[in-house]
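Protein chains in written order, with our numbering: chain A, 1 to 680; chain B, 1001 to 1680.
Keep in mind the hints are simulated off the structure, nothing from the lab. Accuracy of the hints is not assured; some may be wrong.
Stretch-level coverage of chain B by chain A, calculated; a stretch enters the list once three of its residues show a Cβ under 8 Å from a Cβ in chain A [stated by the list, open to error]:
hint : stretch
1    : 1142-1153
2    : 1186-1194
3    : 1308-1318
Heads up, the beta-carbon is just placed ideally off N, CA and C, and yes, glycines get one too.
Protein chains: 2
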Amino acid sequence: MSELSLLWNAESVAVIGATEREGALGRKPVAYLQRYGYPGRILPINPKGGTILGYQAYPSVLEAPGPIDLAFIVVSADRVPAAVDDCVAAGIKVAIIASSGFAETGDEGAALQAETVARARAGGLRLIGPNCIGAVGFGNKVMATFSPLFSAEAVVSLEPGGLGIVSQSGALGFGAASLGIERGQRPGWVITTGNDADVSALEVLAELASEPSCTGLLGYLENVPDVSALRSLANSGKPVALLKSGRSEEGGRAAASHTGALATDDRVLDAALRQFGIVRAGDIDELLDAGDAFVSPRRPAGPRVAIVTTSGGSGILAADDVVAQGLELTPLKDETRAALSEIIPSFGSADNPVDITAAVLSDPSLFDRSLEVIAADETVDMIIGCFCVMTDGDVDKAVRALAKVAEKSGKPVLVSRTGADFLAPNARATLREAGLPDYPSPARAVRAAAALWQVSKPRASEVLAGLGIETPAAELTEPELKALLASAGLSVPVGRVVGSASEAKAVVDEVGGTAVFKAVVPGLVHKTDVGAVKVGVSSADAAAAFDELSAFGGAVLVEELVGEGVELIIGVHTSDLGPVLTLGLGGIFTEALDDATSRLLPLAPGDALAMVGELRGKALLDGARGRAAADVPSLVRTLETVAALVSGWEGGFELDLNPVRVLSSGTKVLDAAHVIAKEA
Amino acid sequence: MSELSLLWNAESVAVIGATEREGALGRKPVAYLQRYGYPGRILPINPKGGTILGYQAYPSVLEAPGPIDLAFIVVSADRVPAAVDDCVAAGIKVAIIASSGFAETGDEGAALQAETVARARAGGLRLIGPNCIGAVGFGNKVMATFSPLFSAEAVVSLEPGGLGIVSQSGALGFGAASLGIERGQRPGWVITTGNDADVSALEVLAELASEPSCTGLLGYLENVPDVSALRSLANSGKPVALLKSGRSEEGGRAAASHTGALATDDRVLDAALRQFGIVRAGDIDELLDAGDAFVSPRRPAGPRVAIVTTSGGSGILAADDVVAQGLELTPLKDETRAALSEIIPSFGSADNPVDITAAVLSDPSLFDRSLEVIAADETVDMIIGCFCVMTDGDVDKAVRALAKVAEKSGKPVLVSRTGADFLAPNARATLREAGLPDYPSPARAVRAAAALWQVSKPRASEVLAGLGIETPAAELTEPELKALLASAGLSVPVGRVVGSASEAKAVVDEVGGTAVFKAVVPGLVHKTDVGAVKVGVSSADAAAAFDELSAFGGAVLVEELVGEGVELIIGVHTSDLGPVLTLGLGGIFTEALDDATSRLLPLAPGDALAMVGELRGKALLDGARGRAAADVPSLVRTLETVAALVSGWEGGFELDLNPVRVLSSGTKVLDAAHVIAKEA
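Hey, can you work out the whole structure from these sequences and the hints?
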């Protein structure tokens, strides 16, 4: 058991800065522990001693009876380091620093924060915060927080569920939790981590994922510094949805002309979450909607959705959304449609979306039979039931039928119920009880279904093997790099560096009478722009071209002229989360259309093909207007080879293969550059 | 006053098919009129006469005391035509046919529907439906519906508001209305139109827009057949949001290789709504969220948003969303930021998003002062306040301050409040009362702000003048069409049709020694694919090229070789909603990237420039990698000239200018085709 689990297993909590003063932040944790019946020892710490809300107060944790499992620190920032020292001395393993006044205030605060963390780390104390609102472990009623959520007149039910909520923002974390509770969600944990000075929100998420009773995780993050925590979170097998702010910086950073720069942090995070099977929520609603979907243990085996509706309009909306969310509207098997048309009245629809009409809902046996036929169809991975105005009686009938097929088929069933709760006061609870997540609109039900598929998609556990090629010791020139690429098995144009006009002419003749000439000058990146590349040089013009390019002061590379194809860019750069492979549409379109997709390395089987499929311009590869289709398998091999090539490289670097031309047979790297990142 | 307003002004309602039988649909309208205290005359119609729920029943509307303002028909489909005849004979002007069994069931039902509509139209009777759930006019308690919404134990408040809800889907319409009512919205009208056989949902929306007490409209539509109703709706000045299903057919239809085909119906609708200042909602939530935003009379003068938050996390999320929604995060004026940094503590932020921190919220005067400074900044068009867990006390303070600046500045203020209602049971009502729409997440508040800007954007009332050029009598060949384009003032390549090899050579010399040769063969569209175009023909090759292209059996066109530029496609085609102008990225990228934007014609000033701005690939026009920037003003003139050229054209046609090359100076139409649509 990691010490972090003391956040929810603590059998004693010290509140450093406790006070009885009404309205003071230091009163609240003591009051909440008391109000919510914390079964462990409550230890208010206050220099004045005495009693606080009836509990014996101690001047310091050192004077309080041990062992102390968890400290909640809510003194002013300048007094925090001393409190941390005391915690270390008292043998405390975890402390939450709720106090503000640290890195969020500027340099001075950042120094204080660094100092505080250093002292804690030296003493074996893990810190949550500072600048957070604390944590609540519902199971053991560990109320280490001053969130106003627990001071409201309405008592919050602490009956624990399997959902863990972790948020860097304290207000958003408890705010989202309160909205979830209002829907009937039962969180088991709400933990806010503020400045993430020592323990990060991701680390807490990973720790919660290892709790057997945790069935799903929701997180709000402002930064994702730690790919290993992300990986271990993903590998826990627990469904996770994250809301990450700071998306809009993406635009501002996507400026430079190479794919490395295109793959900004936010794009990398998107790629990583997609790879790791983690849902990226776009909004609080979407985060909580995913949480509702996670509660049921049923998972889809594929992305194919059947829609069953009593309202034609809802069914059409849901069908639109299925397409928009990248799920599939299964056409259903012929026999399914035949069977349905026996059951459903003529004014309904036996095609997907299946409109059983309101008439059928009033006859539970017909509804049962329709659903049974649909659930038995093996082209159906998930069922979404779409209803509108429903009374409690309607809900009861629908729930019985839906729960039965969900249970029997093991397929997830989600519900869209566009109608006010006052029409059916028990509907939410009934649906929740039956393991049927419900949403107020088709769009939200479908988005939740997409989240469920995202966390259920099979992920390759193996990764593609590396080539064992070592990190280049220095930046490579184009010919050096191309030689390395060729040795790794990539295809580059035939040609070589020449030392004289006559040798240049000889190479032109060797490669077919017309060639490309390039000046090889370290540091000269945009060669075309300065006239350092000459395309289509004939044997007769070879000498003049050699002389002209020699004037750039470097070597001259002469290469075959490669035939027409689709130009792409392949890049690898090192990001905060590790090396990232990016594939983008080539030429000036890369910048203009920003059409690129990324993966954290290493690649798993299938990743490279999926990347090709994610390009908006992928139809270019299919051939258009009489052009031959491009050799996609060779492109996939190229991507996998690039990934394997750099798999052992260390330190920061950029590798830009630009352009890479996909021919009707084969893929060639026409130009390539290698940059070693300067230490920041 | 149009007869349609009898739907909500009726002083007498006949229910044809009324019965006292429990559970029967024919009982509900009578029961609802009674339960909700309809002040007019209730006239149950039943062949058996007698009394129904205490009201005298009549065998037919002809025997009931007149005048009858509105009939609600709920008999089986086969008996509907006779009921309609009776209504006509009784001088009734509007009838709602709730009965199913018409066009939605197949050909037979469609014939019955057509027959019913024909009889009604001949008799001067307007029909709503069939296959709908009826209508409710809240102001006069006209409960012409059998929606279960009104049979629930909870009595729905009929206190009328200014919001009109019109839906083709009955279940979705009343379902959405119930969700709105649950939030505290007060609709004035809920009208469902089913099959839209006679009166369309759009026509009802337009009629409601003319009601002085209507302050906003929400609609769910499955088809939009009538651009004039859409225009009159848009010109009413009332804010409108529409949810239109059937988006996913877009993909299936966007297949053909010309821009006309790219502009599918859904894309055209998108374009029309954008032009007309109507919000297109993506979901029920979004529709209702727009409705909440419409309630306040304050409108933004521009798209610049200031975010004020007590929770850093919410502020960052809102900033992301402002960018994603196409609004602007104003940087605020220097003096505003200076003034704010005097007010806000050091751990807050005086930049936008302005983080006043929870500390400031507890001091209302500081909050007041911050807001006043922000609202006074003329770079701020709208303010979004983002809060989390709030108690009623917090809400009261925030509302006082927010309402004050909204009132004083006239700027819209929207609220994101991420916290459960049980924490602040009065919050919704307090905020609504103060004219501050509130939403559970930053994303939804920002999306509502974007909706508010969409309905407030200035729209040009004038349209660009036409050229008075008549519809071509027959399909034009490329040279004929280019002559027409040139006469309209568009720029086409210098050149002409030649009749001999020597004439061809003469033109090559005239245009500078190198030319483009094209075979002119009616019906030959993809000329490049079959070798009917030769680019870069020299004077020496002219004769051979002439001979080769003559072999296609038509004339030969010789034209100057036009310099490099950005290739686009400009097309006009006639759609359900009228002629549509489309601008797309050219070449094979049109298909592969589907980068195109459309406008219904006629254009207003500013439309053409806006279209250019909407291309994803617009950066191509800015010049990249040393290319010269393209002449955007000449492209805008070209678009406006094309629109003016076809302004008087009648009948169905397609005009495809493909490619259009935008040079560093000027824009030339390199190829053009004209097709007259066959009658369907």
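Here is how each hint holds up against the structure:
no. : hint      : in the structure
1   : 1142-1153 : holds (count 5)
2   : 1186-1194 : violated (count 0)
3   : 1308-1318 : holds (count 7)
Consistency note: the structure conflicts with earlier hint 2 alone.
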